[in-house]
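With the hints as constraints, model all of the structure from the sequences given.
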Amino acid sequence: DGGITQSPKYLFRKEGQNVTLSCEQNLNHDAMYWYRQDPGQGLRLIYYSQIVNDFQKGDIAEGYSVSREKKESFPLTVTSAQKNPTAFYLCASSSPGGVQETQYFGPGTRLLVL
Amino acid sequence: DQQVKQNSPSLSVQEGRISILNCDYTNSMFDYFLWYKKYPAEGPTFLISISSIKDKNEDGRFTVFLNKSAKHLSLHIVPSQPGDSAVYFCAATSAGANSKLTFGKGITLSVRP
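Residue numbers (my numbering), protein chains in the order written: chain A, 74 to 187; chain B, 973 to 1085.
Just so you know, the hints here were simulated from the structure itself, not pulled from any lab data. Take the hints with a grain of salt, since some may be wrong.
[Claimed, not checked] Mimicking EDC-like on lysine to aspartate or glutamate, the simulated pairs with C-alpha atoms at most 20 Å apart in a straight line are: (1) B:1072 - A:145; (2) B:1077 - A:132; (3) B:977 - A:111; (4) B:1072 - B:1003; (5) A:82 - B:1014; (6) B:1072 - A:135; (7) B:1043 - B:1003; (8) B:977 - B:996; (9) A:156 - A:132.
Okay, structure coming up:
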């Protein structure tokens, strides 16, 4: 059945280390997104991609990088430049086709710093 | 500058009663609004949406009302059930937003048995 998968569920990062969060979807959606959620905060957009081989920065892109080599996959790398990486990371996808676009979310990855 | 505001961080209601969750927005370009429900350690799930050409949309126990002049929308849940206990996010977008959603900070709803 179709959906969005994120792995791993929990991820630990050491100081100065880059880590990559996986996001895969089999919904045949063109657009994919990465959000970060902190306690008591809404979802803040990190990066988004509307089509393969193209992506744009969101509101809090500093310290993160992405790639979109395949339609189904949109991995997020949390680099050592991100000084406060501990958060719950959510991937979403949608099928742009007009104004009314609903984003569907994966189960999330919790990143913790050791 | 917070464009989507959910000013009440929490709401507690008795099972069987109505839950009313409020959301305000400042960007007059927003023309499509969504509500998401989120359980702890899970991704948000889409609940209901409304286009700016409507003032009401209903889906079972869930109804969303939109007041464009006041830049205000609300989600009504009737009757409330314990399983409705979750965080509810309001989100908004516009035709020129490249499908980006702007989220509020969320409201934690607790439904007491």
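Evaluation of the provided hints:
Of the supplied pair hints, the one linking residue 1072 of chain B and residue 145 of chain A holds, its CA atoms being roughly 19 Å apart against a limit of 20 Å. At most 20 Å may separate the alpha-carbon atoms for a hinted pair to count; residue 1077 of chain B and residue 132 of chain A meet this at roughly 15 Å. The hinted pair formed by residue 977 of chain B and residue 111 of chain A meets the criterion: a straight-line CA distance of about 16 Å does not exceed 20 Å. Among the hinted pairs, residue 1072 of chain B with residue 1003 of chain B is consistent with the structure: their alpha-carbon atoms are about 12 Å apart, no more than 20 Å.
For the suggested pair residue 82 of chain A and residue 1014 of chain B, the alpha carbons sit about 10 Å apart, so the restraint of at most 20 Å is met. The straight-line distance between the Cα atoms of residue 1072 of chain B and residue 135 of chain A is roughly 18 Å, inside the 20 Å bound, and the hint therefore holds. Of the supplied pair hints, the one linking residue 1043 of chain B and residue 1003 of chain B holds, its CA atoms being roughly 11 Å apart against a limit of 20 Å. Straight-line distance between C-alpha atoms of residue 977 of chain B and residue 996 of chain B comes to about 5 Å, which keeps the hinted pair within the 20 Å bound.
Proposed proximity of residue 156 of chain A and residue 132 of chain A is supported: the alpha carbons are some 16 Å apart, at most 20 Å.
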